[in-house]
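One-letter residues, chain by chain:
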Amino acid sequence: MSTTMTKTDTLVSVENLKTYFYTEDGIVPAIDGVSFEVKKGETLAIVGESGSGKSVTSLSIMRLIPQPPGKILDGDIKFQGESLLAKSDKEMRAIRGNRISMIFQEPMTSLNPVYKVGDQISETIILHQKKNKKEALAEAINLLNLVGIPEPERRINQYPHELSGGMRQRVMIAIALACHPELLIADEPTTALDVTIQNQILQLMKNLKQKSNMSIMLITHDLGVVAEMADRVVVMYSGQIVEQGDVFTIFENPKHPYTEGLLKSMPSAEKRVGKLYAIDGVVPNPLNLPPGCRFADRCEYATSLCHQEMPQIQEINENEVVRCWKYTDRWEA
Amino acid sequence: MLSGVVEPVQSDKKVEKVNQEILLSVKDIKMHFPIKGGLLGRTQGHVKAVDGVSFDIIKGETLGLVGESGCGKSTTGRVLLRLLEATSGSVNFDGKEIFSLNDNDLRATRSDMQLIFQDPFSSLNPRLSVGETLSRVLKIHGVKDPQERENRIKEVLELVGLTSFHMRRYPHEFSGGQRQRIGIARALILNPKLIVLDEPVSALDVSIQSQVVNLLEDLQEKFGLTYLFVSHGLNIVRHISDRVGVMYLGKMVELADSDTLFESPKHPYTQALISANPIPNPRLRDKPKIILQGDVPSPINPPSGCYFHTRCPYAQPKCREEAPEFVKTGENQYVACHYPLS
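These protein sequences, in sequence, are chains A and B.
Residue numbers for the first sequence follow the working numbering, so the first one is 1 and each next one is one higher.
Residue numbers for the second sequence follow the working numbering, so the first one is 1 and each next one is one higher.
Honestly, I wouldn't trust all of these hints.
[Unchecked claim] Incomplete in silico selection of chain A near chain B, CB under 7 Å:
1) Asn112
2) Leu223
3) Phe251
4) Pro254
5) Val282
6) Pro290
Rather than coming from a laboratory, the hints here were simulated on the basis of the structure.
The structure displayed is predicted, hence computed values, not measured ones.
Where is the CB? At the ideal position from N, CA and C, for every residue including glycine.
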């Protein structure tokens with residue numbers, strides 16, 4: 001665990017990214033000016049509710065946005081200083097699964113049901129590492145061992161449906177790690193799993209990270225998982241970042257009213273309180289966004305300024321960024 | 001709106017029930033699904049989804065039912081509403097033997113026991129407006145006067161935080177949280193005594209979850225409802241339940257007061273489940289956890305003796321051979337374990 005961030009080298013930097021979707025009903029600004037960095041060796045968690053843009057952010061980094069209807073309108077994504085948006089499809093293919101890899105929420109739909117597990121792992125190795133089939137299968141056995149699958153020699157000849165949900169997710173992780181990526185994007189990796197299996201997978205990810213110094217971008221809606229895993233946290237709401245900071249600041253001293261509300265509305269695991277705190281209302285319709293702060297309608301502090309004008313994202317402390325009028329000199333309490 | 005920022009009240013209603021009147025009593029229910037296969041479609045085995053579960057639900061309480069997928073918690077909820085015909089066992093609801101009712105009596109009894117589903121979208125008919133969906137419920141249960149039906153619908157929509165304006169809308173026009181409110185309205189419109197809630201908030205976002213949980217608690221208080229709350233989310237179960245039952249592979253392994261269960265679990269599985277539950281506090285992340293090895297065994301061919309012995313960190317030879325009885329170990333605490341934790 002790296003509570004004291006000594007390694008400050010940037011691995012990925014997302015700069016003012018805008019990814020819009022052009023639908024029949026209108027334009028959906030799924031990501032609307034998002035900037036953040038993933039540092040080498042850190043785990044960055046991106047939290048937000050459905051529709052907040054967290055998954056679209058990760059798909060944009062992988063250049064996997066379906067086009068049309070999607071389009072990256074503006075901004076840049078730099079990986080080790082090089083723009084990913086400027087790369088050709090061929091160059092991207094050499095990066096995907098090799099230097100940046102991804103695991104998804106549903107391990108059943110992400111594995112091919114008609115290929116044996118061993119073949120699916122070795123495909124990546126053969127493609128990126130110039131190994132022959134025999135060497136790749138031997139490597140696949142090593143990887144299955146690494147992710148804690150018993151009897152890997154037997155498992156490589158099995159099909160995905162013969163494995164349990166937790167096992168499938170381990171296979172996905174094995175594929176993702178096959179080429180020792182610099183960045184692992186994990187999109188809700190444990191949401192479909194039971195809590196005792198979730199625990200196994202989270203411990204596995206922690207152990208693997210310690211061994212390899214890769215960075216993890218963890219996308220989740222579960223604040224319990226964030227607390228367990230993250231060094232830093234990005235909170236998204238309605239296509240924008242509303243707050244960014246290190247995990248202790250976010251949990252102990254949240255600045256944005258939305259982050260504060262989310263944390264307060266969690267039922268406690270330790271003791272029972274009376275009523276749960278609830279954030280009133282719903283997320284704004286992305287086809288018809290308000291001109292001001294997108295959280296203003298649900299915010300208990302909102303003033304007329306919040307409804308009229310969108311607050312800008314600003315750094316309020318070292319490593320702490322927030323988008324809220326409360327922290328500007330135009331705020332009159 | 002019924003939800004929103006409500007002052008925290010001490011939930012005293014959770015403390016003492018003077019007259020502990022039993023509303024529902026479940027005795028040794030089993031639900032074995034046959035596996036058909038082969039050329040002649042013969043039964044080749046059984047999935048023992050629920051394998052001998054007994055418990056009572058006290059009037060006005062919330063009983064939580066937790067466990068991992070495939071443990072039989074949802075099936076239990078369905079069996080006691082007789083949406084599934086149980087293999088054996090009995091359920092007594094408000095003095096009636098549910099499993100021996102004929103169709104007419106069963107329909108009449110169903111107005112007293114309702115179900116709310118996890119996915120509010122697939123459980124609403126997309127072709128019917130909300131008003132029509134609710135109106136059908138009333139029609140089937142004998143409310144003939146259209147004006148009376150409309151009044152009841154308006155009333156119940158307001159109760160769940162919607163308005164009469166929503167009557168003419170269709171399910172796709174609502175957000176997930178609103179759809180779950182419609183599901184609640186549908187269950188509530190017949191003035192039931194018992195509501196079985198099957199993962200009612202699992203599909204909702206965090207900020208919407210608490211709105212719906214608060215609504216459920218308000219309605220319970222207002223109408224003296226009794227809930228069976230089935231969920232895999234431990235934190236939400238702890239929050240809403242008076243008592244909690246833990247299931248593993250079709251059996252109840254522990255049943256106790258919410259606080260007792262979470263603070264001093266007696267069954268090793270309960271202990272592991274609570275330990276695995278991620279706590280939203282980054283300072284506690286390095287606290288050692290009990291990590292269970294392996295997966296839940298198949299309910300087609302469960303292990304011998306105690307079903308949990310294959311994963312239990314404390315298993316002894318006896319656990320492999322003999323199935324433990326579900327016995328009382330303390331006030332309001334029942335556990336099925338040869339060597340309960342102290």
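Results for each hint:
1. Asn112: violated, 22 Å
2. Leu223: holds, 5 Å
3. Phe251: holds, 5 Å
4. Pro254: This hint is violated: Pro254(A) lies away from chain B, its Cβ roughly 12 Å from the closest one there, beyond 7 Å.
5. Val282: OK, holds: Val282(A) within 7 Å of chain B, min 5 Å.
6. Pro290: Hint on Pro290(A): violated, closest Cβ of chain B at ~17 Å, above 7 Å.
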